[in-house]
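J.: If you read the sequences in order, they're chains A and B.
Numbering (my numbering) for the first sequence: 1 to 112.
Numbering (my numbering) for the second sequence: 1 to 111.
There's no promise every hint is true.
Claimed, not checked - Pairs of lysine-lysine, DSBU-like flavour, derived with a Cα cap of 30 Å:
{"id": "1", "chain 1": "B", "residue 1": "LYS22", "chain 2": "A", "residue 2": "LYS100"}
{"id": "2", "chain 1": "A", "residue 1": "LYS100", "chain 2": "B", "residue 2": "LYS57"}
{"id": "3", "chain 1": "A", "residue 1": "LYS7", "chain 2": "B", "residue 2": "LYS58"}
{"id": "4", "chain 1": "B", "residue 1": "LYS71", "chain 2": "A", "residue 2": "LYS7"}
{"id": "5", "chain 1": "B", "residue 1": "LYS57", "chain 2": "A", "residue 2": "LYS65"}
{"id": "6", "chain 1": "A", "residue 1": "LYS65", "chain 2": "B", "residue 2": "LYS68"}
{"id": "7", "chain 1": "B", "residue 1": "LYS71", "chain 2": "B", "residue 2": "LYS22"}
Claimed, not checked - From the structure, some residues in chain A lie toward chain B, with a derived Cβ separation under 7 Å:
{"id": "8", "residue": "SER42"}
{"id": "9", "residue": "LEU43"}
{"id": "10", "residue": "GLY98"}
{"id": "11", "residue": "GLU99"}
{"id": "12", "residue": "LEU101"}
{"id": "13", "residue": "PHE103"}
{"id": "14", "residue": "SER105"}
{"id": "15", "residue": "LEU109"}
For the record, the hints were derived by calculation from the structure and aren't laboratory data.
No experiment lies behind these values; they were computed from the predicted model shown.
We put the beta carbon where it would ideally sit given N, CA and C, even for glycine.
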Amino acid sequence: SAVISQKPSRDICQRGTSLTIQCQVDSQVTMMFWYRQQPGQSLTLIATANQGSEATYESGFVIDKFPISRPNLTFSTLTVSNMSPEDSSIYLCSGGLGEKLFFGSGTQLSVL
Amino acid sequence: GENVEQHPSTLSVQEGDSAVIKCTYSDSASNYFPWYKQELGKRPQLIIDIRSNVGEKKDQRIAVTLNKTAKHFSLHITETQPEDSAVYFCAEYNYGQNFVFGPGTRLSVLP
């Protein structure tokens, strides 16, 4: 399996501010993704983090709201910008090892 | 677009009984089908997977079966234990595309 570290594990933020989540994967991972999981819900793909280029966003997610960086193969960040209470969720980093997908421990975000 | 249906949404079984969760997918080109277990407050963990050229795979108390013609696959847990209580997600994957996850099944194993 792949080792995926994510931080912070949780945060409480004020409306209108931004939070950057960091994800570190081990060197075997080729693909990196960011997911959102609302309480009691399934996993929704936000975007694919592409090394050295703009991320590929899914329908309903835009770069201005969720800027993503991946400066190298093993590191990526997701920023949740201009937060509102509707952004309260768990954000999960994931890495692909072959066809297998592994997840980080998640960031539980609460926006007041 | 691709869609994965998962049933049941909740399942309660007595300890020692078997549990079966079924998923139906829409993309006939999908060729990889993983199952994830997510305990409360934890990350989803890959517990078993199956490729499209295989009909069944077993790993101790868990097994997955795949029917490509009918486009459905199932997770079977035998001799359930309280630690099997979790939310289980199925997914489909087609090489070059993205994973599509089912809505999840909350399994409760009653002692």
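J.: All hints, please: hold or fail.
T.: Hint by hint, here is what the structure shows:
A distance of roughly 20 Å separates the Cα atoms of LYS22/B and LYS100/A; the hinted pair therefore holds under the 30 Å criterion. Note on LYS100/A and LYS57/B: the hinted pairing holds, with a Cα-Cα distance of about 16 Å set against a maximum of 30 Å. With a C-alpha separation of about 35 Å, the suggested pairing of LYS7/A with LYS58/B is violated against the 30 Å cut-off. Of the supplied pair hints, the one linking LYS71/B and LYS7/A is violated, its CA atoms being roughly 38 Å apart against a limit of 30 Å.
Straight-line distance between C-alpha atoms of LYS57/B and LYS65/A comes to about 42 Å, which puts the hinted pair past the 30 Å bound. Only pairs whose Cα atoms come within 30 Å are accepted, and LYS65/A paired with LYS68/B is rejected, the gap being roughly 39 Å. The straight-line distance between the Cα atoms of LYS71/B and LYS22/B is roughly 11 Å, inside the 30 Å bound, and the hint therefore holds. For SER42/A, the interface hint holds, since its Cβ comes within 7 Å of a Cβ in chain B; the closest pair sits about 5 Å apart.
With its C-beta approaching chain B no nearer than about 5 Å, LEU43/A sits inside the 7 Å limit, and its interface hint holds. Nearest Cβ of chain B to the Cβ of GLY98/A: about 9 Å, over the 7 Å cut. The hint is violated. The criterion of a C-beta within 7 Å of any C-beta in chain B is met by GLU99/A, whose closest approach is roughly 5 Å, and the hint holds. Nearest Cβ of chain B to the Cβ of LEU101/A: about 6 Å, under the 7 Å cut. The hint holds.
Given hint, PHE103/A at the interface with chain B, holds; its Cβ is 4 Å from that chain's nearest Cβ, closer than 7 Å. A least Cβ separation of about 5 Å between SER105/A and chain B falls short of the 7 Å threshold, and the interface hint therefore holds. Because the beta carbon of LEU109/A sits about 14 Å from the nearest beta carbon in chain B, more than 7 Å, this interface hint is broken.
Going through the hint list in order, the structure does not satisfy hints 3, 4, 5, 6, 10 and 15.
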